[in-house]
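With the hints as extra help, turn the sequences into a complete structure.
The primary structure of each chain is shown beneath.
Protein chains: 2
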Amino acid sequence: MAKELKNLTKRADNYSQWYNDLVVKADLAELSPVRGCMIIKPYGYAIWEKMQQQLDKMFKQTGVQNAYFPLLIPKSFFSREAEHVAGFAKECAVVTHYRLRSTEDGKEVEVDPNAKLDEELIIRPTSETIIWNTYKNWIHSWRDLPILCNQWCNVMRWEMRTRPFLRTSEFLWQEGHTAHATKEEAEAKAQEMLKVYAEFAENYMGVPVLQGVKSETERFAGALNTYTIEAMMQDGKALQSGTSHFLGQNFAKSFDVTYLNKENKPEYVWATSWGVSTRLMGALIMVHSDDNGLVLPPKLAPIQVVIVPINKGDEQLAQITAKLQPVIDQLRELGITVKYDDNPAKRPGFKFADYELKGVPVRLAMGGRDLENNTIEIMRRDTLEKENVSFDGIVELVKNMLEDIQKNIFEKARAYRDAHVYECDNYEEFKERVKDGGFFLCHWDGTAETEAKIKEETQATIRCVPFAYEQTPGVDMVSGKPAVARVIIARSY
Amino acid sequence: MAKELKNLTKRADNYSQWYNDLVVKADLAELSPVRGCMIIKPYGYAIWEKMQQQLDKMFKQTGVQNAYFPLLIPKSFFSREAEHVAGFAKECAVVTHYRLRSTEDGKEVEVDPNAKLDEELIIRPTSETIIWNTYKNWIHSWRDLPILCNQWCNVMRWEMRTRPFLRTSEFLWQEGHTAHATKEEAEAKAQEMLKVYAEFAENYMGVPVLQGVKSETERFAGALNTYTIEAMMQDGKALQSGTSHFLGQNFAKSFDVTYLNKENKPEYVWATSWGVSTRLMGALIMVHSDDNGLVLPPKLAPIQVVIVPINKGDEQLAQITAKLQPVIDQLRELGITVKYDDNPAKRPGFKFADYELKGVPVRLAMGGRDLENNTIEIMRRDTLEKENVSFDGIVELVKNMLEDIQKNIFEKARAYRDAHVYECDNYEEFKERVKDGGFFLCHWDGTAETEAKIKEETQATIRCVPFAYEQTPGVDMVSGKPAVARVIIARSY
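Chains as they are written, first to last, in my numbering: chain A, 111 to 603; chain B, 111 to 603.
Possibly wrong hints are sitting among the right ones.
Remember, identical chains collapse to one label, so a pair may be satisfied in a single copy or spanning two.
[Said to hold, decoys possible] With a Cα cut of at most 20 Å, we get these calculated EDC-like pairs of lysine to aspartate or glutamate:
(1) LYS200 / GLU229
(2) LYS170 / GLU159
(3) LYS246 / GLU140
(4) LYS135 / ASP254
(5) LYS456 / ASP228
(6) LYS517 / ASP166
(7) LYS422 / GLU312
(8) LYS522 / GLU567
(9) LYS120 / ASP137
(10) LYS449 / ASP254
(11) LYS456 / GLU373
(12) LYS170 / ASP137
(13) LYS565 / ASP586
(14) LYS226 / GLU269
(15) LYS200 / GLU220
(16) LYS170 / ASP451
(17) LYS200 / GLU159
(18) LYS456 / ASP254
If you are wondering where the hints come from, they were derived from the structure by calculation, not from laboratory data.
Nothing here was measured: the structure is a model prediction, and the numbers come from that model.
So this is what it looks like as structure tokens:
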């Protein structure tokens with residue numbers, strides 16, 4: 111069984127298969143009988159819960175409050191904002207009826223044709239429309255602004271090709287929707303929330319991200335600007351990990367949301383929206399994990415430390431447990447999540463493989479000889495380094511090791527990412543090299559034509575115009591036309 | 111504006127209207143453009159979040175883990191369990207298509223008739239079917255049991271008559287689903303979770319509940335036993351506030367879920383499910399609140415203490431704020447949520463009325479004279495008692511007052527409930543008295559006929575056979591037949 115656990119596709123053999131295997135074998139998620147929808151298993155959900163809790167705290171620190179808006183949105187709402195409907199028309203689930211027909215024996219169930227809805231309802235793919243329809247009633251004067259709402263919910267986009275966490279028809283996310291009196295304030299809020307996402311990705315997930323602004327083609331449907339954080343996976347592909355949109359007055363105009371300014375004159379309200387989803391789970395898995403399984407950042411690991419006794423007989427187990435108990439207590443007092451696994455039905459070897467697969471950051475093991483020598487075995491999951499250390503001071507050692515792992519996996523991911531960001535000025539060279547992954551910093555003439563040509567010929571897309579990059583003008587590598595800035599081009603998930 | 115806030119229907123005039131008014135005026139929720147679906151506003155959602163956090167903690171203490179299962183369930187799954195489909199067939203939302211059709215200008219959107227789903231999908235009204243279809247793959251041997259999963263999610267039941275929180279087409283809830291090797295273990299789990307609900311209702315919501323078992327007619331569709339907690343509202347009506355079901359092997363048989371026991375023989379798995387929903391918000395509002403607005407239990411109040419400075423000019427405000435700051439800091443250090451409302455745009459009188467309406471448990475106010483005299487005004491929301499006290503020791507006073515309010519509102523609700531529980535042995539008397547509300551303890555012959563007759567003639571239903579009641583046999587008040595126990599009969603929400 112321990113061997114079976116280890117029987118994971120190697121990243122070098124097939125990165126994509128390695129990911130799919132790992133999601134299932136580490137008990138994170140599985141496919142469901144509903145096309146494109148997944149079941150998030152308890153271990154996977156526990157990681158998502160930790161993400162939620164931290165993000166929620168960070169949102170609230172910026173003044174955001176949670177609320178809840180309906181799952182179903184009247185179809186007509188989508189038509190109000192022209193770009194929005196064009197963006198989402200092809201991927202919505204539509205509720206047309208509200209009743210099954212049940213036969214006496216309960217064996218056959220038909221949709222009752224008489225229970226057709228007057229207006230069809232869409233399962234929300236995103237909630238701008240119903241929220242702005244609501245804000246109309248909440249906003250009258252400048253005193254009512256800003257409104258800073260967020261909701262944690264499920265959304266549905268009928269995707270043709272799905273992969274667990276990365277792209278599923280139903281997914282869990284948060285969507286923030288803010289309303290402001292001025293353009294400047296809304297723009298600032300959109301950028302503030304992007305910074306929250308970047309801070310979360312780097313300091314909690316240990317995932318380095320590049321912040322930037324999307325090209326017009328890649329913007330959210332209805333936005334004037336879409337800001338993004340882009341992470342690099344171990345195959346050099348990009349994963350868009352969170353977006354924040356400056357929506358201008360588009361939704362305010364579509365839903366007629368005005369406020370009276372301090373001069374008592376009506377003005378349209380300015381908007382932002384921003385979201386991250388269970389897609390972050392995909393980034394977390396793909397950035398850190400290895401051929402032995404998951405590698406989790408300590409700050410998001412459901413179990414931070416696992417302790418396995420290696421005993422001969424019950425008496426020795428009692429001795430080991432008695433020796434370990436104060437350590438378990440002290441670690442828990444420090445707020446560290448400890449699992450003591452003395453389950454006799456599973457062998458230590460199986461447990462070791464299983465916790466490696468599940469990415470538990472630190473593993474302690476204690477056997478008979480350790481008891482005699484006052485030692486304990488400690489292993490860190492990120493480097494798989496194992497050593498036998500003195501039992502005294504183990505609490506301090508574990509605490510420091512958790513901090514070090516958190517830092518180390520981020521540094522490792524950043525070093526990998528930095529080593530795979532290239533400036534490139536030659537399209538032929540680009541076409542050849544982009545196949546192997548990486549982020550390419552290339553001058554772009556700003557036209558959708560060039561963007562489309564690159565995508566068609568290389569499957570790579572413009573990820574963003576990066577913020578933290580000193581720009582110099584140049585020449586578009588494809589069209590030869592003048593370009594004001596370099597953009598990041600990469601293949602992506 | 112303060113007057114408008116107070117313009118709440120009186121309970122004595124129209125209890126039902128008072129409730130509807132209060133939900134809107136206290137900013138808890140509002141109707142949405144989607145029939146029967148509500149928008150939970152930030153203040154209402156903040157209360158629900160506190161409920162969720164506490165319940166989630168209590169569930170986890172019993173070993174339960176969270177997971178997430180799909181929103182959409184294949185129609186055929188519902189047919190597998192005969193009673194289940196009969197119970198839910200009339201109230202489901204059905205997804206038949208997965209795509210809109212968009213025209214060029216974005217103005218018209220039609221459902222694309224070519225994108226009809228092969229199998230229609232139901233928006234979950236509850237998730238037993240898809241969860242037991244999943245458990246089939248998770249359960250092989252006795253070693254895989256028990257499975258203790260919960261999910262926090264939205265569900266949809268197409269209700270014809272809706273009221274905010276009490277009965278809405280979409281609502282938020284948690285649904286726990288457990289799988290066990292033995293009947294005894296499953297029965298014990300169903301009862302354990304009922305006790306968790308009762309403890310939460312009484313110790314956190316301050317709502318006294320009667321625990322008991324439902325009659326066969328009132329059971330959950332597919333259950334062998336449904337346990338319930340029943341609370342009494344201020345109009346004497348019952349509100350079913352949480353249910354826990356012993357499902358026997360019904361779903362295991364429908365979805366063919368067996369395990370190999372220790373003798374390596376296959377047996378069907380035993381099941382429970384249990385849930386509470388945003389309906390609890392209705393109970394919370396109706397049990398404690400009064401003609402001035404909400405009364406919230408301190409343990410669930412988003413703001414526990416509000417402090418309002420009553421200043422003349424900015425200089426005095428600075429003095430008051432400087433004096434109060436250490437108190438604010440000390441209260442927050444004790445984990446108490448404090449709002450200091452020095453917003454100059456609103457008058458103190460408006461603030462007082464608003465925080466009363468919103469049920470903030472303790473209000474402090476400090477003016478110029480208080481500064482001189484080293485005093486402060488304190489008001490408790492439950493009794494509306496107001497007094498001027500010494501500033502010294504205010505932190506301790508507030509802390510104790512919060513504890514006292516939590517206790518007092520529970521005691522008050524329990525005294526009211528206890529004063530409205532009656533033994534009754536005469537059907538004519540019952541018919542007359544039940545109009546005025548109250549719980550009636552009556553002997554029942556155990557037949558569905560008698561139950562139906564009572565319901566038809568009085569609109570009252572059997573709420574449960576209560577646990578904590580010393581039963582003596584007697585004679586059914588309606589049929590005159592022998593009865594082994596008294597049941598609780600009441601009108602209900």
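Structure-inconsistent hints, enumerated in ascending order: 5, 6, 7, 8 and 17
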